[in-house]
Amino acid sequence: MMNLKSPAFEGVETVADAEPRRVEPTGILHFTIGVTDLAVSRRFYEDVVGCTYWRENDTTVFMKAGEDYFVLSRTGYHQSPNKGTDTLIHHAFMVASEDFDAAMAHLEDKGVEVLLYEDVGHRSFSGRHAYFHDPDGNSIEIIDLQGEGDEDAPAYQGRQRRLPKSHLGSA
Numbered sequence: 518m519m520n521l522k523s524p525a526f527e528g529v530e531t532v533a534d535a536e537p538r539r540v541e542p543t544g545i546l547h548f549t550i551g552v553t554d555l556a557v558s559r560r561f562y563e564d565v566v567g568c569t570y571w572r573e574n575d576t577t578v579f580m581k582a583g584e585d586y587f588v589l590s591r592t593g594y595h596q597s598p599n600k601g602t603d604t605l606i607h608h609a610f611m612v613a614s615e616d617f618d619a620a621m622a623h624l625e626d627k628g629v630e631v632l633l634y635e636d637v638g639h640r641s642f643s644g645r646h647a648y649f650h651d652p653d654g655n656s657i658e659i660i661d662l663q664g665e666g667d668e669d670a671p672a673y674q675g676r677q678r679r680l681p682k683s684h685l686g687s688a
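Here the sequence shown is numbered in the numbering used here, starting from 518 and rising by one per residue.
These aren't lab readings, by the way, just hints derived from the structure by calculation. None of the values given here were measured: they were computed from a predicted structure. Accuracy of the hints is not assured; some may be wrong.
Stated by the list, open to error - Straight-line C-alpha distance at most 16 Å; calculated EDC-like pairs for lysine to aspartate or glutamate:
no., residue 1, residue 2
1, K627, E563
2, K627, D564
3, K581, D564
4, K600, D653
5, K581, E563
To be verified - What follows is a list of derived Cβ distance ranges for each label pair:
no., residue 1, residue 2, range
6, T577, G601, 21 to 29 Å
7, N574, T531, 30 to 38 Å
8, D669, Y570, 22 to 30 Å
9, T602, S523, 36 to 44 Å
Ideal Cβ positions, reconstructed from N, Cα and C, are used throughout, including at glycine.
All chains, full assembly: derive it from the sequences and hints.
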């Protein structure tokens, strides 16, 4: 009998005699965001971020952004992975380029503080980026993705703290 380490294989003698090989993911099905209040978080992700409710159970709410899924999970011990207004650990949601300015105005209308706005010099993904927190302090990014960034760009050339309505050209 093989000594398979996973409890899922207890009592199994063979895994179809397959040779071991590296896992090759075909995509990401969902990611999970820890929250403290499912109802509050669901409303935020629907009303502010524009996502769609899919289904729920006692501890999770399943949401969609376009055709992609994410899960809001109430853990009872959630802590933001960032300190204060930091946005390094975040979840990025793509918006259409023609909708980005309206999305920024919507955030402002909802009283959401944009913590960071970037529009040039991004090394990883080009486009306009806006970062803000959800009710539990999780960092959320919206981006009008224009493609892969320029790895030769100076580091964080476009990083700036956003002033109210600066993205619209007025102070």
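Structure-based check of all given hints:
no.: 1; hint: K627 <-> E563; verdict: holds (12 Å)
no.: 2; hint: K627 <-> D564; verdict: holds (9 Å)
no.: 3; hint: K581 <-> D564; verdict: holds (13 Å)
no.: 4; hint: K600 <-> D653; verdict: holds (12 Å)
no.: 5; hint: K581 <-> E563; verdict: holds (10 Å)
no.: 6; hint: T577 <-> G601: 21 to 29 Å; verdict: holds (28 Å)
no.: 7; hint: N574 <-> T531: 30 to 38 Å; verdict: holds (35 Å)
no.: 8; hint: D669 <-> Y570: 22 to 30 Å; verdict: violated (42 Å)
no.: 9; hint: T602 <-> S523: 36 to 44 Å; verdict: holds (41 Å)
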